[in-house]
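Can you make the complete structure from the sequences, with help from the hints?
FYI, in this note's numbering the residues of the sequence shown are 33 to 347.
Treat the hints as calculated values from the structure; they're not laboratory data.
Quantities reported herein were computed from a predicted structural model and do not represent experimental measurements.
Please note that a few of the clues may not be correct.
Claimed, not checked - Result set (SDA-like, lysine to any residue): computed pairs, CA atoms no more than 20 Å apart in a straight line: (1) 286 / 92; (2) 286 / 151; (3) 65 / 286; (4) 207 / 261.
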Amino acid sequence: MGLFDWLRPPPALDAKTGALIGHAVATVDPRLKMVGGHERTLAEPVRHAFDYCERVALAIPGPFEISRAAFAADPLVHALFGSADDVEQMLARSQCVRDYLAGHAVVPPGQCCALLGMRRHVTAGFGTRLMGEVIRHDEPQQALSFTDHTLAEPSHDLDGAQQRLAMAMFDGLLKGFVAHVDEVHEERRELLDEQAIARARARSQGPESHTRRLAELQERLRETVDALQPERLLETLTAYLAAPEASLRLDPVKLAVDRLGIIADPDDQHADILRFVELTTRDQRRWVSMIVRIDREEARAAVERFDARARYIVI
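Following this line, the structure appears as structure tokens:
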């Protein structure tokens, strides 16, 4: 590389990377703009983090049809819901579905895609079990169930849903970082309160007994102030975005389940093999996640039936 290459200005950021950096700065702390070269510093970590979010979004299985008919035909859908009515109830109660239908009232009949998330539960108990030709009673067993069914990021097609999901994941990473920054702000407020109390005691009881404590508080306050400076914040954000897998990951799950929702032996010929993934996000709770396909007219009918029932008082 010659002298003129060194003097040449760095290449301009592409529009997508520039927009992602702008979103990151606005979300985390607008003061980051004060740091010289912040865009060049963030460019590679931001691209890396967003590419990772896109890979995670593409790795979520689906689309699976979610409907009353699918409950009877698809073992996975049958395991996810307690009954076909539960499928309709989920569609009718979902604010995501309601917002989507309200914003696409003139869209012709068809299907849309969305992310479906839910919590997995395994409950231990006792029941009957067929072993060969012998029925055994009071056998220990584990029942599989799912709760908190939640739909998010609806779109006309699979590509659109995956793109919306990738952006939502990137936004979630940024919000996770903001939560850490808020913790530092809260720590600083608590330290200031402790410092005020320690100084008051030093004035009333003499400084000798509180000098060490005051020095400790002052040092910790200095650390929090340093951590919140734009330059240090940029450095920490860069490291955070360079390792997104610490805050966002998918774990595959494989279970054998019978039609009653009882976890079975993988070799049981009468059991269905369920394969799904669990998504762990910034709150570290696991969501069973999949892309689902929903019939818009079925969803609209479910919402209308639910609203019609809500207008009547049964005496």
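- Any hints from earlier that this structure breaks? Give me their numbers in increasing order, please. Hint 3 is the one this structure does not satisfy, whereas the remaining hints hold.
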